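Protein chains: 4
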Amino acid sequence: MSMPWEGIVSADEIAAYEAAGFGRPQAQGKRPALLIIDVQYRTVGTTRLPFWESIKEFKTSCGEVGWQAVDHIVPLLALFREKNLPVLYPYVAPKESFDLGRLAEKVPALMGVAAHGYQFVPEIAPRERDVLLPKKHPSAFFGTPLASYLIDLQVDSLVVTGCTTSGCVRGSVVDAFAYNFKCTVPIECVYDRSATSHAVNLFDMASKYAEVIPVSQVMQHIASLPRASS
Amino acid sequence: MSMPWEGIVSADEIAAYEAAGFGRPQAQGKRPALLIIDVQYRTVGTTRLPFWESIKEFKTSCGEVGWQAVDHIVPLLALFREKNLPVLYPYVAPKESFDLGRLAEKVPALMGVAAHGYQFVPEIAPRERDVLLPKKHPSAFFGTPLASYLIDLQVDSLVVTGCTTSGCVRGSVVDAFAYNFKCTVPIECVYDRSATSHAVNLFDMASKYAEVIPVSQVMQHIASLPRASS
Amino acid sequence: MSMPWEGIVSADEIAAYEAAGFGRPQAQGKRPALLIIDVQYRTVGTTRLPFWESIKEFKTSCGEVGWQAVDHIVPLLALFREKNLPVLYPYVAPKESFDLGRLAEKVPALMGVAAHGYQFVPEIAPRERDVLLPKKHPSAFFGTPLASYLIDLQVDSLVVTGCTTSGCVRGSVVDAFAYNFKCTVPIECVYDRSATSHAVNLFDMASKYAEVIPVSQVMQHIASLPRASS
Amino acid sequence: MSMPWEGIVSADEIAAYEAAGFGRPQAQGKRPALLIIDVQYRTVGTTRLPFWESIKEFKTSCGEVGWQAVDHIVPLLALFREKNLPVLYPYVAPKESFDLGRLAEKVPALMGVAAHGYQFVPEIAPRERDVLLPKKHPSAFFGTPLASYLIDLQVDSLVVTGCTTSGCVRGSVVDAFAYNFKCTVPIECVYDRSATSHAVNLFDMASKYAEVIPVSQVMQHIASLPRASS
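Residue numbers (the working numbering), protein chains in the order written: chain H, 30 to 259; chain F, 30 to 259; chain R, 30 to 259; chain G, 30 to 259.
Simulated from the structure, these hints should not be mistaken for lab results.
Worth double-checking, as some hints may not be accurate.
No copy is singled out in the list; a pair is fine if it fits within one copy or between any two copies.
Stated by the list, open to error - Heads up, simulated DSBU-like pairs for lysine-lysine below, C-alpha to C-alpha not over 35 Å straight-line:
{"id": "1", "residue 1": "K85", "residue 2": "K112"}
{"id": "2", "residue 1": "K85", "residue 2": "K165"}
{"id": "3", "residue 1": "K85", "residue 2": "K59"}
{"id": "4", "residue 1": "K88", "residue 2": "K59"}
{"id": "5", "residue 1": "K124", "residue 2": "K88"}
{"id": "6", "residue 1": "K85", "residue 2": "K124"}
Note that the coordinates shown come from a computational prediction; the quantities given were computed from them, not determined experimentally.
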């Protein structure tokens with residue numbers, strides 16, 4: 030599989046990162062948890078439509094690239110369930126009367142999403158005992174008790190999926206890296222409304238913060254782990 | 030001034046962000062502080078050289094794009110000093126025998142930088158009463174008391190300069206946004222070893238987190254503020 | 030008013046703190062916010078009863094000392110509303126199937142509180158535009174976006190009320206102090222199930238972190254401030 | 030061993046906490062780290078003197094109770110070294126020209142400690158590869174990368190020693206609890222300038238956040254663990 034940033038980030042730039050010593054591979058962890066970030070109707074729409082159709086339902090939708098990612102998260106999630114490994118859902122909480130701040134100023138469209146836009150996409154919705162983490166800010170760690178849950182679960186690594194690659198996925202990966210959790214991003218399981226931003230953010234994460242690899246390699250690794258006890 | 034991401038992020042993608050309601054302008058703040066991130070010899074070299082020459086001295090150097098940014102930070106810093114506004118220097122602390130973790134694994138070259146690489150570039154070095162913030166992770170907020178200093182200084186906004194655009198600048202801007210500090214990035218004052226990453230990260234920040242504008246506009250705004258009392 | 034810790038902390042100990050330079054008075058702030066922490070039926074009971082009666086309804090109740098504090102919070106809250114100053118309600122969120130960790134281990138009784146125990150005490154319940162902050166841990170700052178709200182509201186100080194003095198009040202005051210928000214604790218507006226712990230925690234906070242003063246002095250200060258614009 | 034708070038916290042209050050379900054015992058962890066907080070000359074003096082003598086050297090000294098704690102930390106530290114378990118030293122960094130904020134206001138004496146006051150007490154000083162964590166605020170977690178080090182070290186629990194019981198020890202224990210690290214406080218290894226505050230803070234921690242037990246029981250547990258590999 031060629032990397033999604035090839036042809037966007039130049040060969041010369043890739044060589045420059047290489048020369049500077051970036052992007053060394055990192056072993057995947059032994060006690061991973063799965064993060065599914067913001068996979069709610071508001072980011073994909075209630076039906077599978079192209080981007081320009083989909084944003085008529087929700088301005089925040091990424092359209093069909095989102096549904097393609099959902100297709101890839103389905104078997105990955107099933108594998109985590111089979112192995113009894115933890116699954117956590119950081120998600121955008123419905124806006125409340127007291128929510129203002131920088132977000133309302135910078136992206137006001139985010140303030141008026143209809144209530145059913147906050148529902149989880151049923152194909153990969155949480156079930157009993159999954160950890161739900163409403164959040165107000167991009168990173169799943171910021172202003173949430175995510176780190177506390179991960180420490181309690183004795184997790185050493187995260188597989189990060191969902192959206193957007195350049196927003197909450199990127200923000201969460203940078204914080205996970207700073208907390209010293211090993212981080213893996215399965216390429217097909219993250220999505221964004223801009224193909225260029227998607228590709229370059231994958232390049233940035235691969236260079237500095239995470240293993241960015243095909244989902245098949247992630248599944249191979251998870252499949253090799255023993256089933257966790259309850 | 031055309032934006033640095035034009036021609037890299039397609040017109041169609043820019044239109045998609047526009048349609049989704051991103052990137053609305055944000056007023057600059059009334060009590061700004063200046064962040065100068067990681068402008069140390071290790072990121073520009075001790076002399077002004079092209080990238081491929083410069084990394085022979087420090088693998089982590091960005092070379093001449095760094096020095097060009099220094100040239101633009103000089104008058105901006107002078108203006109902050111003239112207005113008696115706070116200046117803070119988050120910087121990479123020299124590695125110690127106990128520093129390992131994800132960073133050492135992902136970018137091992139960062140562990141062996143020579144001691145003088147940690148010196149601040151003299152042209153824009155800190156002086157008495159500037160706040161120095163050694164950091165171990167990308168964001169200037171993570172694992173540092175930066176937020177506490179800003180609250181004590183009654184700052185409402187940050188002007189973020191330094192490097193790298195796709196690394197510590199981006200990470201710090203995302204956290205500043207989450208903390209609800211208004212954030213401005215003067216385009217000419219940040220730098221990166223990859224031109225594409227630089228441009229796309231500026232696009233991401235402009236779309237979601239910050240005002241990304243020419244330094245001349247930032248200086249015009251700062252010049253319009255009253256001089257702060259000591 | 031004599032201080033609640035007199036007779037519990039010895040005169041000699043108070044002299045020792047004095048000699049070490051602790052407990053210097055701090056000016057109250059100009060843009061205060063009111064925190065009302067955990068004043069839910071679970072901490073006072075649905076009716077005003079003595080401690081040993083009250084814990085038959087909720088094991089976590091503090092009984093009548095809680096209701097006495099509510100009596101004092103009522104006029105303080107009215108004054109904050111009159112001045113159009115921000116009011117925030119950090120509160121204990123109902124436990125969910127995924128909530129385990131140290132809390133469940135250390136205080137298992139906290140896990141089985143009936144649903145109506147999480148209701149706010151009506152006398153001082155939140156209204157439209159007050160900030161609600163569900164929390165999982167003692168400090169109102171830990172794992173919540175409280176700091177972000179305070180920065181957005183341009184608050185410089187907090188008046189901290191609610192319960193328990195030795196638990197969430199103390200934890201929140203220590204974090205507020207670390208963030209550099211000025212902190213005031215109106216003595217009659219905080220409560221605890223142990224009179225000794227209550228008194229000594231007030232002493233600790235007065236010595237190191239906050240102004241601990243009669244509510245009348247707090248109200249006098251708030252009354253002197255101009256009404257905030259909306 | 031009777032508990033230090035007996036006779037200070039009344040039997041009735043202890044019964045009230047018991048009835049409310051607090052203070053259940055918690056297993057000690059399998060991968061503990063040792064925190065030695067603020068054991069610097071500034072908190073004990075350069076020689077073993079009674080409190081009122083000792084504060085003539087450093088206003089912040091706790092005097093001989095500090096030296097008694099040092100005596101108990103010596104064999105505990107030796108045992109951690111023998112087992113190759115991690116040792117971390119959160120410590121008060123020397124004040125700099127830009128350090129102001131709430132601390133300077135509340136406890137101005139802390140700002141003028143002589144330089145050698147910041148030296149570690151030699152009997153239990155750090156050695157190569159121990160983690161040093163300069164801090165500006167009470168909790169060892171606040172504004173420091175402590176959580177990141179603990180996650181990288183795959184620690185599940187902390188043994189917390191040093192000073193003061195009612196200050197940085199208490200603050201660090203509350204944060205460790207919130208992060209879901211199991212916390213043990215060996216009674217003889219923590220110290221404070223107020224005997225009452227010391228006792229009541231131990232009671233609070235025992236009730237809500239930590240195992241508070243004689244150091245002999247902690248050493249028995251650590252001795253039972255296998256030696257960690259490097």
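Numbers of unmet hints, in rising order: 1 and 3
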